[in-house]
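J.: Residue numbers (my numbering), protein chains in the order written: chain Y, 35 to 404; chain U, 33 to 389.
Hints may contain errors.
Straight line, CA to CA, 25 Å or less: simulated PhoX-like cross-link-like pairs of lysine-lysine [stated by the list, open to error]:
(1) U:LYS34 x Y:LYS404
(2) Y:LYS399 x U:LYS147
(3) U:LYS136 x Y:LYS404
(4) U:LYS179 x U:LYS215
(5) Y:LYS245 x Y:LYS85
(6) Y:LYS399 x U:LYS136
(7) U:LYS258 x U:LYS296
(8) Y:LYS300 x Y:LYS290
(9) U:LYS34 x Y:LYS399
(10) U:LYS147 x Y:LYS404
(11) U:LYS222 x U:LYS179
(12) U:LYS163 x U:LYS205
Simulated from the structure, these hints should not be mistaken for lab results.
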Amino acid sequence: MSIYLDHAATSPLRPAALSALVNQLKEVGNPSSLHTFGRETRRVLEESREKIAKFISAAPNEIIFTSSGTESNNLAVKGLFWKSNKKIIVVSAIEHHAVLDPAKWLSEKESAEVIQIPVNSEGVISLDFLGDLIAKRGAEIALISIMHSNNETGALQPIKEVISLAGDIPVHCDAVQSLAKVPLEFIGLTAMSINAHKLGGPIGIGALVLKRGIDIPALLHGGGQEREIRSGTLNAPMATAFAAVLENYPSAAIAKLKEILISGIKSSIPDAVINTNPNSLPGIVNATFPGTRGETLLLLLDMEGIACSTGAACSAGVHRPSHVLLAMGRSEEAAMSSLRFSIGPDNSESEINKLIEILPSVVEKARLAK
Amino acid sequence: MKLIAAMSGGVDSAVAAARAVEAGHQVVGVHLALSSNPQKYRSGARGCCTIEDSHDARRAADVIGIPFYIWDMAEDFHQEVVENFLSEYSVGRTPNPCLRCNEKIKFAAVLERAKAMGFDGVVTGHYAILKETPNGKTLNRAVDISKDQSYVLAVLNQEQLQGAHFPLGDTPKTEIRKEAERKGLAVANKPDSHDICFVPSGDNAGWLRDRLGSEVGPIVDQSGKKLGEHHGAYTYTIGQRKGLGLTTPTEDGSPRFVLKIEPKTNTVVVGPKEDLAITKIFGTNAIWCGPKASSDWAIGFVQVRAHGAALPAKYRELNGGLDIELDEPLLGVATGQAAVIYDENRVVGSVTISETS
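Produce the entire structure from the sequences given, and follow the hints as far as they go.
T.: In structure tokens:
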């Protein structure tokens with residue numbers, strides 16, 4: 035028996051993506067070639083682009099295909115900073131490292147000033163802080179980058195309000211976890227990062243949605259593809275697989291499983307703390323189990339065939355306290371005792387019940403092993 | 033049995049894990065992260081603690097076909113091993129951090145965690161032999177004497193030995209490398225690790241100076257006459273000859289050796305080789321690997337260094353410590369080191385050397 039509850043890390047390839055990918059892999063043709071083969075592949079690519087654009091209310095030429103969410107975030111943060119002559123980069127304290135680290139790099143290498151917006155105990159950014167900051171130093175801000183939903187807690191962020199506070203300041207939104215799961219629109223944003231594998235598409239394709247007419251410096255130079263912002267041979271098989279998974283994501287069914295899991299944890303482990311607030315993604319449950327180590331819980335669950343996550347891992351695979359939970363005011367101890375379960379389209383109610391059944395004994399063992 | 037295999041990323045622990053699987057145990061591989069800020073690449077012959085080493089351990093676990101996890105033991109390691117190393121040096125003793133790590137981390141923190149999680153014990157790639165006897169497990173020297181690690185394991189008590197598994201003790205190291213190669217383990221030809229894993233530069237004296245300061249103090253002879261200066265008494269070891277930097281030669285031109293380190297006055301005392309000789313050792317913090325030694329004199333062997341010789345001696349238990357008399361004089365025994373008592377190849381127990389004469 036194995037139960038996969040780490041969909042926020044990556045989600046199994048859905049059949050629609052697999053067949054689209056395999057079918058297109060059989061075809062030959064560089065989409066930039068002028069002959070019939072090239073034109074045919076280009077047609078597939080452009081149809082995929084149009085589908086993705088339509089799905090998020092963007093224009094087709096606003097979709098710039100990339101390799102990943104990380105690449106899209108780097109392109110947006112660095113590109114918008116370099117394009118501007120202003121020095122402040124505003125991010126939230128709970129951004130993914132693919133946003134935090136490019137910002138930090140710019141502060142070290144190019145003397146950017148990075149300002150982090152704090153979050154409340156629910157994991158939601160402070161609009162008051164952002165409003166004050168814009169009132170005081172708005173003229174110095176190069177860009178604001180706020181995620182649509184958090185990858186560790188699932189907390190949805192007030193992006194519409196951010197856009198209206200920002201006025202003319204470019205806003206980038208890392209929407210990697212939200213795409214297809216909750217309503218998502220490009221309207222009002224300057225840039226938005228998305229990718230395929232968090233919703234059952236293949237790993238290796240993402241997109242930066244970049245407002246028409248805004249040109250930013252490229253990270254990859256070469257053939258001039260994608261508005262000369264992202265050179266490299268256009269990848270029709272991956273693009274068509276990406277476009278194939280946008281529709282019919284079973285958010286309502288997943289949200290129901292989330293509610294079952296949350297109430298199951300609350301009733302079977304009374305001192306557990308649920309770090310996921312009600313206004314969140316359908317599939318993420320983050321919980322703290324006091325008196326345990328997250329890495330021990332993960333090992334014990336893994337031995338039972340249940341896959342979950344402790345949150346952010348560093349390159350050595352050593353468990354570190356989550357910067358997201360710390361930003362929410364949790365102690366280092368609490369942050370180290372937390373797990374993230376992320377539910378996806380392939381999970382069933384009986385799997386969630388199995389987890390709820392096993393969890394108390396696992397937590398008990400982990401407490402002994404502290 | 034359900035066992036945790038501690039996998040450093042080296043060849044020995046990889047083969048040990050593989051042998052445990054072949055013996056029919058259910059094995060889970062664990063790499064201990066002992067530094068909270070690990071180096072990216074291996075430097076010199078240090079066989080653990082870098083990101084490269086944890087990757088090697090993971091790939092070995094893949095080849096063996098066992099689950100693999102990383103356990104963050106950096107805080108325990110820092111408190112129990114690194115801090116202890118510093119405090120021992122600061123009072124003029126010469127500690128052995130590998131013994132300390134076995135006693136407090138691998139067969140304490142790790143073993144306890146493993147047991148609480150439902151495992152029966154811990155497998156490591158140490159070269160030593162455990163034998164089941166009616167009176168419990170005994171710890172014995174490995175077949176490959178040049179690789180024997182019973183000395184650094186002599187700090188394990190009976191309960192710890194019960195949870196320990198050393199599958200390599202019956203095989204020479206050269207055979208272990210060949211076995212690793214046959215099993216397709218990429219670490220087969222990885223160099224042996226030595227030196228102290230948490231001193232990445234290999235420069236112990238410099239590492240200690242950075243942490244304990246480098247207060248200048250005198251180097252004196254036995255009459256108290258000042259011969260030179262040093263930058264931190266703790267960077268010297270009893271019996272040390274090189275690196276004293278003395279310019280006035282002795283009358284007969286014979287070399288001088290460190291005889292004594294006096295941390296309170298920050299003084300290093302040097303003298304001729306013959307004054308290093310000792311025959312009596314008293315040690316405290318006795319740990320008995322099996323039955324406690326008798327308070328009557330017994331005949332056996334004592335070893336005072338990890339790869340030192342086993343010296344004929346008699347020993348007896350005295351006030352919770354151990355009283356040892358060597359048959360022949362021995363040169364340069366530092367306090368703080370472990371004295372390990374052997375009955376032929378069986379480890380009787382160990383003490384921390386506190387006095388010599």
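J.: For every hint, state whether the structure bears it out.
T.: We went through each hint and held it up to the structure:
For the given pair, LYS34 (chain U) sits about 19 Å from LYS404 (chain Y) by alpha-carbon distance, which is consistent with the 25 Å threshold. Distance restraint check for LYS399 (chain Y) and LYS147 (chain U): the Cα-Cα separation of roughly 10 Å lies within the 25 Å cut-off, and the hinted pair is therefore satisfied. A hinted pair counts as satisfied when its Cα atoms are at most 25 Å apart, and LYS136 (chain U) with LYS404 (chain Y) qualifies at roughly 15 Å. For the suggested pair LYS179 (chain U) and LYS215 (chain U), the alpha carbons sit about 21 Å apart, so the restraint of at most 25 Å is met.
At roughly 17 Å between alpha-carbon atoms, LYS245 (chain Y) and LYS85 (chain Y) fall within 25 Å of each other, so this suggested pair holds. The straight-line distance between the Cα atoms of LYS399 (chain Y) and LYS136 (chain U) is roughly 22 Å, inside the 25 Å bound, and the hint therefore holds. With a CA separation close to 17 Å, the supplied pair LYS258 (chain U) and LYS296 (chain U) stays within the 25 Å bound. Of the supplied pair hints, the one linking LYS300 (chain Y) and LYS290 (chain Y) holds, its CA atoms being roughly 16 Å apart against a limit of 25 Å.
At most 25 Å may separate the alpha-carbon atoms for a hinted pair to count; LYS34 (chain U) and LYS399 (chain Y) meet this at roughly 15 Å. For the hint linking LYS147 (chain U) to LYS404 (chain Y), the alpha-carbon distance of about 11 Å falls within 25 Å, and the restraint holds. For the hint pairing LYS222 (chain U) with LYS179 (chain U), the CA-to-CA distance comes to about 16 Å; that is within 25 Å, so the pair holds. Between the alpha carbons of LYS163 (chain U) and LYS205 (chain U) the distance comes to roughly 20 Å, so the proposed pair stays at or under 25 Å and holds.
The structure agrees with every numbered hint stated previously.
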